[in-house]
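Quick mapping for you: the protein sequence lines, in order, are chains Z and L.
Residue numbers for the first sequence follow the numbering used here, beginning at 5 and rising by one.
Residue numbers for the second sequence follow the numbering used here, beginning at 5 and rising by one.
Please note that the accuracy of each hint is not assured.
One copy or any two copies: either way a pair holds, since identical chains are not told apart in the list.
In silico DSSO-like pairs for lysine-lysine, Cα to Cα no more than 30 Å straight-line [stated by the list, open to error]:
hint: 1; residue 1: K160; residue 2: K58
hint: 2; residue 1: K160; residue 2: K331
hint: 3; residue 1: K331; residue 2: K317
hint: 4; residue 1: K70; residue 2: K162
hint: 5; residue 1: K162; residue 2: K58
hint: 6; residue 1: K70; residue 2: K58
hint: 7; residue 1: K332; residue 2: K162
hint: 8; residue 1: K70; residue 2: K332
hint: 9; residue 1: K70; residue 2: K311
hint: 10; residue 1: K294; residue 2: K70
hint: 11; residue 1: K317; residue 2: K332
hint: 12; residue 1: K162; residue 2: K317
No lab work stands behind these hints: they were computed from the structure.
Keep in mind that this is a model prediction, so the values were computed, not measured.
2 protein chains.
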Amino acid sequence: MPSEKSPSPNELAAKPLGEHEIINLMRRHLTPMPNIAVGFGDDVTAVDLGADGKVAVLKTDMLVAKTDVPDGMTLWQAARKAVIMNVSDFAAKGAQPQVALVSLGLPRSLSPEGLAAIADGLDAGAREYNCFVVGGDTGEACDLIIAVELFGVAQKGKLMLRGGAQPGDVLAVTGLFGLQTAGLLLRQNRGFVASIELSRELLDSVYMPHARLAEGLALSGSGAVSASIDSSDGLAWCLHELSEQGRVGFEVSDLPLAAEAEEFAHLNGLETTDLALYGGEEYELVLTVKPDLWRKAAAAVNAVGGKLIPIGKTTADKHVLLDEGGKKREIVARGYEHFKD
Amino acid sequence: MPSEKSPSPNELAAKPLGEHEIINLMRRHLTPMPNIAVGFGDDVTAVDLGADGKVAVLKTDMLVAKTDVPDGMTLWQAARKAVIMNVSDFAAKGAQPQVALVSLGLPRSLSPEGLAAIADGLDAGAREYNCFVVGGDTGEACDLIIAVELFGVAQKGKLMLRGGAQPGDVLAVTGLFGLQTAGLLLRQNRGFVASIELSRELLDSVYMPHARLAEGLALSGSGAVSASIDSSDGLAWCLHELSEQGRVGFEVSDLPLAAEAEEFAHLNGLETTDLALYGGEEYELVLTVKPDLWRKAAAAVNAVGGKLIPIGKTTADKHVLLDEGGKKREIVARGYEHFKD
Numbered sequence: 005m006p007s008e009k010s011p012s013p014n015e016l017a018a019k020p021l022g023e024h025e026i027i028n029l030m031r032r033h034l035t036p037m038p039n040i041a042v043g044f045g046d047d048v049t050a051v052d053l054g055a056d057g058k059v060a061v062l063k064t065d066m067l068v069a070k071t072d073v074p075d076g077m078t079l080w081q082a083a084r085k086a087v088i089m090n091v092s093d094f095a096a097k098g099a100q101p102q103v104a105l106v107s108l109g110l111p112r113s114l115s116p117e118g119l120a121a122i123a124d125g126l127d128a129g130a131r132e133y134n135c136f137v138v139g140g141d142t143g144e145a146c147d148l149i150i151a152v153e154l155f156g157v158a159q160k161g162k163l164m165l166r167g168g169a170q171p172g173d174v175l176a177v178t179g180l181f182g183l184q185t186a187g188l189l190l191r192q193n194r195g196f197v198a199s200i201e202l203s204r205e206l207l208d209s210v211y212m213p214h215a216r217l218a219e220g221l222a223l224s225g226s227g228a229v230s231a232s233i234d235s236s237d238g239l240a241w242c243l244h245e246l247s248e249q250g251r252v253g254f255e256v257s258d259l260p261l262a263a264e265a266e267e268f269a270h271l272n273g274l275e276t277t278d279l280a281l282y283g284g285e286e287y288e289l290v291l292t293v294k295p296d297l298w299r300k301a302a303a304a305v306n307a308v309g310g311k312l313i314p315i316g317k318t319t320a321d322k323h324v325l326l327d328e329g330g331k332k333r334e335i336v337a338r339g340y341e342h343f344k345d
Numbered sequence: 005m006p007s008e009k010s011p012s013p014n015e016l017a018a019k020p021l022g023e024h025e026i027i028n029l030m031r032r033h034l035t036p037m038p039n040i041a042v043g044f045g046d047d048v049t050a051v052d053l054g055a056d057g058k059v060a061v062l063k064t065d066m067l068v069a070k071t072d073v074p075d076g077m078t079l080w081q082a083a084r085k086a087v088i089m090n091v092s093d094f095a096a097k098g099a100q101p102q103v104a105l106v107s108l109g110l111p112r113s114l115s116p117e118g119l120a121a122i123a124d125g126l127d128a129g130a131r132e133y134n135c136f137v138v139g140g141d142t143g144e145a146c147d148l149i150i151a152v153e154l155f156g157v158a159q160k161g162k163l164m165l166r167g168g169a170q171p172g173d174v175l176a177v178t179g180l181f182g183l184q185t186a187g188l189l190l191r192q193n194r195g196f197v198a199s200i201e202l203s204r205e206l207l208d209s210v211y212m213p214h215a216r217l218a219e220g221l222a223l224s225g226s227g228a229v230s231a232s233i234d235s236s237d238g239l240a241w242c243l244h245e246l247s248e249q250g251r252v253g254f255e256v257s258d259l260p261l262a263a264e265a266e267e268f269a270h271l272n273g274l275e276t277t278d279l280a281l282y283g284g285e286e287y288e289l290v291l292t293v294k295p296d297l298w299r300k301a302a303a304a305v306n307a308v309g310g311k312l313i314p315i316g317k318t319t320a321d322k323h324v325l326l327d328e329g330g331k332k333r334e335i336v337a338r339g340y341e342h343f344k345d
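Sequences and hints are given; from them, build the entire structure.
Printed below as a string of C-alpha cells:
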C-alpha cells in the first residue's frame, strides 16, 4: 500500500529540487490521459469537447511572492501579474481565456486593504483581456501565493503549438526584449545605474507587464504560424524549446533588443546579447511563420496594433545559433539564473 | 491609479481575516460575469459551452499542510485528499470531472521521494474517479500547498445546485457522519480515548476519505434532486446553506450518526448530536429529494452500491431544527471550530 511507503512531510532532502526536475519527476508518476488534445510540454493543456473540433483550453501558473514579486511591486500589481502570466500562455496558443479561478494562499498578517488590492488587481488583469474571475479558494500560507487557473474554448486546429516549426520558416517575435531583465537587475540594488527616466521605464516593464493576446489571436486567425511559445522563461530558452519540439534549428540574425535595455547594458558594462537572450518575464510571443504567409501574418498583427518582428530563420540542423554578421555561435540553453551574481 | 494606493505586502493586519470575510471581500471587488451558468456561492463554477445546454464545470480547492493535513497523514494521502476534496464538489453537483491541473507550493526541503509520493497520491485520487492529472505548475513555498483544479463537462439542466429545495422535499444524506470528526479529535492528543480497533477505523476515515461521485452522478441522472451540497464543512453548516439559498427550513428527525462516532462520544463524554452536526470533512452529499421521486432516487443510489438515507424534511419557515422525539431545538450555524478547545 503506497500510503505506508510515503515519507513524512518533514523528511529532508539533500538539496532542493529544480523546477525541471520536479516537472519531469511528476510526469513519470502520473498516468497519461489517452488521446489528450494537448498534453504536458506545451504552454496550455487542451481537452476535446466533442465532434466539432472544439477544445477546452486550461492553464495554471502560480505566483509566489518570495520568488515572483520583486521589491517595490504592490499587491495590486502582483495580483494583476498573476493573471497576465497565464493570459500570456493563452496568447501564445491563440486562445481567448474566458474565466479565471484563483487559489490564494494568504499570510495571516494580510489586512483587508491588502486583500482588496489583490482582488482589484486580479479583476484588472482579467478585465484587460476580456476575462472574468469567477471563483476560487483560499487558505492560510506563510508567503503570499496566487495560483490563477484560466479556462477558454478554442478550435483545436487553430491552436499554435510548440512543435510545428519547419526548416525555412521565418522566426519572429511580437516585441523587443531585455527591458524586464534590466529592470529586475536595477531593482536588486547590486550597483547597477540608470537615469531617472530610464529607471522608470525599466521598472514599469517589470511592474506592469502585458500579454500579447490580441497578437496571438490575430496570428492564430491568420493560419500562418507553424509554432509558437510564450517567452516568459527568456528568449534563449524558448528557442531551444521550439528547436527540441520541432526537431529543427534556428539562426538568429537580428537580436530583438529594446533600445532602453541596450542603453542600460552600455551604462553598466553588460553584454547586450545576454540581456536579449537570457532574461525572462518579457511575455512576448516567439513564433515561426510559413514564409509564403509572412505578409498575411504581419498584416494580421498590424491590424490589432501590434508588430511582428522577423529575427531569423528556421534550419534543418537542430542547432540554435546567433549569426553576428556571418560569424555564427551557439546560443546556449539557459535562462535568467545566469545573471544571478 | 490603484497600484499606488495598494499597501505593501508586509502591511500588518490588526487580526487575521476569516475565510467567509475573505470570500465576501473578494466578491465585492470582482466584476460579475454576465449570464454565468453557475457563479459564486455554489460548490462549483459553470460556464455555458454553446447551444446544446452543455456547460464547462470548474472547481479549485486548496490543501494547505498546516491546516488540512492532520498528524500521521502521509504525503501520498495528503495529495490524494487534495483531489478528493475537489471531486466531492463535482459529486455534489452530479458532474464527472475529466481532468485535473495541480498548483504545487513545495518546501525547499522536500525530497525526490516526497515529491514522488505526492505525484502518486494525486494520480491515485484522480484515477479512482476516472479523471487524469494533465498539467500544473510549481513554486517554492514555506509550507506544502496543493491546489487542485478540476474541469468537466455537464448538462446545465442536470446540475444539482444549492438553491432549489422546496417545502415538503425529503432531506437526505449519502452516508453517516461523525467518524472524521472523532478521528481528528482523537489525533489531536487532547486526552480522548478509543480502543485500537476503533482508533484505526476513525483514523482511516480521516486519512482515506472518499467522494460520493457515483452517488452524485446517479442522483443527477434520476432527476429527483431539488438541491444538493457537499458536506465538507459539516452537516449543520450545509443545512444552513441549503436553507439560505433555497429560502426554506429543515427539520432533522433522524441524525445520521455513525455507530463508531457514537461509541467515541460515549467513551469520551461528548454530545453525539455535536459530533454529527458540527464536524466536517465527511465528504457526504446533503440533498433534498422531491417526495414523489424518492423511490427513484433511492434506487438510483442503490444501483451504484450506495445508500440514500432520509434524515428529515424541508419546511417553509426557514428555521433549521432538530426534532428529538417531538421536542424541537434550533441547529445553530457553526462548523468544526466548535470543537477547538
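Mind listing which of the numbered hints don't hold for this structure, in increasing order?
-> 2, 4, 6, 7, 8, 9 and 10
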